[in-house]
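Participant: I would like the entire structure built from these sequences, with the hints used as guidance.
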Amino acid sequence: MEQTKNELSWGIRVYLLEIVKGLAATISRMLGNLLDRRRIPTICYPEERRPISIRLRAKHRLLVRPDGKPRCVACMLCATACPAECIYIDAAEEPDKTIEKYPKQFRIDLLRCVYCGYCQEACPCDAIRMDTGIYEITGYDRSAFFIEREALLAGKPMPGVPDVPLPKTLPGLRIGER
Amino acid sequence: MNLSRLLDVEFLAMVAKVIVIPVVLMQAVPLMVWVERRGSAFIQDRLGPCRAQVLGFRFWGLLHLLADAVKVISKESIIPTRANRFYFLLAPILVVVTALMAYAVIPVADTVTWSDAKGRHEIAMSAAQVDGGIVYVFAIASLGVLGIMLAGWSSGSKYPLLGALRVASQMLSYEVSLGLSLVGALLIYGSLDPNEIVRSQGHLFLGVVPWWGILFQPIGFILFLVVGFAECNRTPFDLPEGESELVAGYHTEYSGMKFSLFYLGEYVAMMTFSSLLVTVYLGGWQVPWLPTQRLVALGGPLLAAGLQIGAFVAKVALFMWLFVWVRWTVPRFRYDQLMRLGWKVILPLSLANIAVTALVAPLLLR
Ligand code: SF4
Ligand code: SF4
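Protein chains in written order, with my numbering: chain Y, 1 to 178; chain F, 1 to 366.
Derived by calculation from the structure, the hints in this document are not laboratory data. There are no misleading hints in this set.
Partial list, derived from the structure: chain Y residues whose beta carbon lies under 10 Å from chain F: (1) L16; (2) L23; (3) A25; (4) G32; (5) N33; (6) R39; (7) T42; (8) C44.
These numbers come from a predicted model, not from an experiment. Ideal placement from N, C-alpha and C gives every residue a C-beta, glycine not left out.
Facilitator: The following block contains the structure:
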């Protein structure tokens, strides 16, 4: 059988010189890293955190009206859009007839949520957002992963997120607020 | 035994050496593990282990060694049911004991001599003084391979057995060159006693360069270095534990402290080899440009010994670092490449080295 010709040059086949070159590469890497730790991309979580974008889809929150009531009108669009079917809304009648409905219960199962962001896309009232920047969602049992209405309403946007103006179409807005 | 002999300086020094040298060797192992971990991390743009802390102090990751020690000691000792219990337990012991024993003849400093009322005292700075010291190191070091083979065979499992087979053939191939690559240097020294070898590297060449073995045996030095890597089972020759194909090679079935004994053995073997290399090719304990007489004249025998130990440790540390450095640079050889390198390159080269040295040495020595 015919042997294929060895294409490597003599210098490479001696190998020792190549090893020395490799050693030079690794040691320069190492000395550089020793002298300047910032060259090492390791992030020492939890002391150090990676900067996150304000557009990160993190834990949800529900937005409120100026008077403190939830913006949500319990239209179920988010629950319908949700591919993980993890939003549970129990609607109740709102005394303010221009608003009609409000969520008596609003629960998101974060264990099922896939953080797709469809809920905030779907919402006509800009009532649900995922801008809290909280991505460490931990708990000792499953119940810790249900977030209820109160907790959702108490959510704060992460620093740097611009204020969300009231959408013009929000039901229940008085003339002056529109 | 005469009781007064127990208080004899020579006897006490003897006991001290026998205790101190192995202890220092074993204590150097965790340090090497630390160097290996952090060094490899920095080579690979990582930070390496640095999280273990006591009261908020991390000591550059050194505490991980403590944590590791606690971990391996407290781990369950598992012996596979199909293993041969006796040999399975014997193997790691054999590896460590032989590795430590091999070190006995390596001198870490020149013989310390002084005179007092009781007469002249001489304390050699190696645990044992054997005339054929170099041969002794080879003999004992080869026994360590037996431990590895035993480990592979007695595990009663196929991957360790394959690892053991590889060890056996690798050692057979490289043991020959290991001895032969050193013969050139030994021809010139005309002695097998490590202390004598180091002493004869004490003078200067042309009055400037320390006349170390590496200068008149460069080929021998490189060959011995390469073969030593193979002999210590270190990358690029760590086929016996090639984890990509053999799980973990011969120590697959070992866990806990028994596994760490292999680790210990490997590092001590590296140290023994580095020390041998330094002894033969890099002037051993010689402080460059300062022979023992000068040192003793400058600051007495103790300072001389201290400086020489320092020089020796520094030189050995250099090669220990080389082991780590090469491991994180050069990928593992393929098996056929290993054999080809051993039989077709290193063996002929070392034979040629011997022939040339034998022809030229008489001219040089005259
Ligand atoms: S992010 Fe996606 S999965 Fe999660 S609640 Fe919103 S729509 Fe459902
Ligand atoms: S889509 Fe918006 S308004 Fe409708 S139920 Fe969901 S959060 Fe409430």
